[in-house]
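> Anchor point for the sequence shown: position 1 equals 1 in the UniProt record's numbering, and the numbering is continuous, going up by one each time.
Among the clues, some could well be false.
Said to hold, decoys possible - Listed below are the simulated DSS-like cross-link pairs for lysine-lysine, each with C-alpha atoms no more than 25 Å apart in a straight line:
| hint | residue 1 | residue 2 |
| --- | --- | --- |
| 1 | LYS92 | LYS70 |
| 2 | LYS92 | LYS69 |
| 3 | LYS92 | LYS71 |
| 4 | LYS92 | LYS66 |
| 5 | LYS30 | LYS47 |
| 6 | LYS69 | LYS30 |
| 7 | LYS35 | LYS47 |
Claimed, not checked - Cβ pair distances, simulated, as ranges:
| hint | residue 1 | residue 2 | range |
| --- | --- | --- | --- |
| 8 | ASP77 | LEU44 | 26 to 36 Å |
| 9 | MET1 | GLN34 | 25 to 35 Å |
| 10 | GLN34 | ASN88 | 35 to 45 Å |
| 11 | ILE48 | ARG78 | 28 to 38 Å |
| 12 | SER94 | ASP42 | 40 to 50 Å |
The hints are simulated quantities; they were obtained by calculation from the structure and are not laboratory data. For every residue, glycine included, the Cβ atom is placed at its ideal position computed from N, Cα and C.
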Amino acid sequence: MRRVVITGLGLLTSIGEGVEETWNNLLSTKSGIQKITSFEVDNLPCKIAGFISNDENSPNYFNIDKYIKKKDINRNDRFIQYGIIAANFAIKDSGIDNLSDQQ
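Working from the sequences, and respecting the hints, build out all of it.
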């Protein structure tokens, strides 16, 4: 069996950006569940979900402009962008974000 070493964590959730904010919001019992408004749900049995919102009026609003340049936002699907952002959080959390390419 191979060993795995986790060097950093990166979270982007409906209740926070990054490990610390998400953890603090969990401890304070903040809910990331809200009414689904991004698509029609009248014919679905569930009308709520925990999701990252791009609606500025949403309590779970995530400003993607802080992390991705406006010109690049439409180049990739949202889930790809979230993965890139979470990976960057993990690299920063690991403390290896200032390594050179050779390292």
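> Give a verdict on every hint.
Hint-by-hint comparison with the structure:
no. : hint                      : result
1   : LYS92 / LYS70             : holds (22 Å)
2   : LYS92 / LYS69             : holds (19 Å)
3   : LYS92 / LYS71             : holds (24 Å)
4   : LYS92 / LYS66             : holds (16 Å)
5   : LYS30 / LYS47             : holds (19 Å)
6   : LYS69 / LYS30             : violated (29 Å)
7   : LYS35 / LYS47             : holds (6 Å)
8   : ASP77 / LEU44: 26 to 36 Å : violated (22 Å)
9   : MET1 / GLN34: 25 to 35 Å  : violated (41 Å)
10  : GLN34 / ASN88: 35 to 45 Å : violated (25 Å)
11  : ILE48 / ARG78: 28 to 38 Å : violated (19 Å)
12  : SER94 / ASP42: 40 to 50 Å : holds (44 Å)
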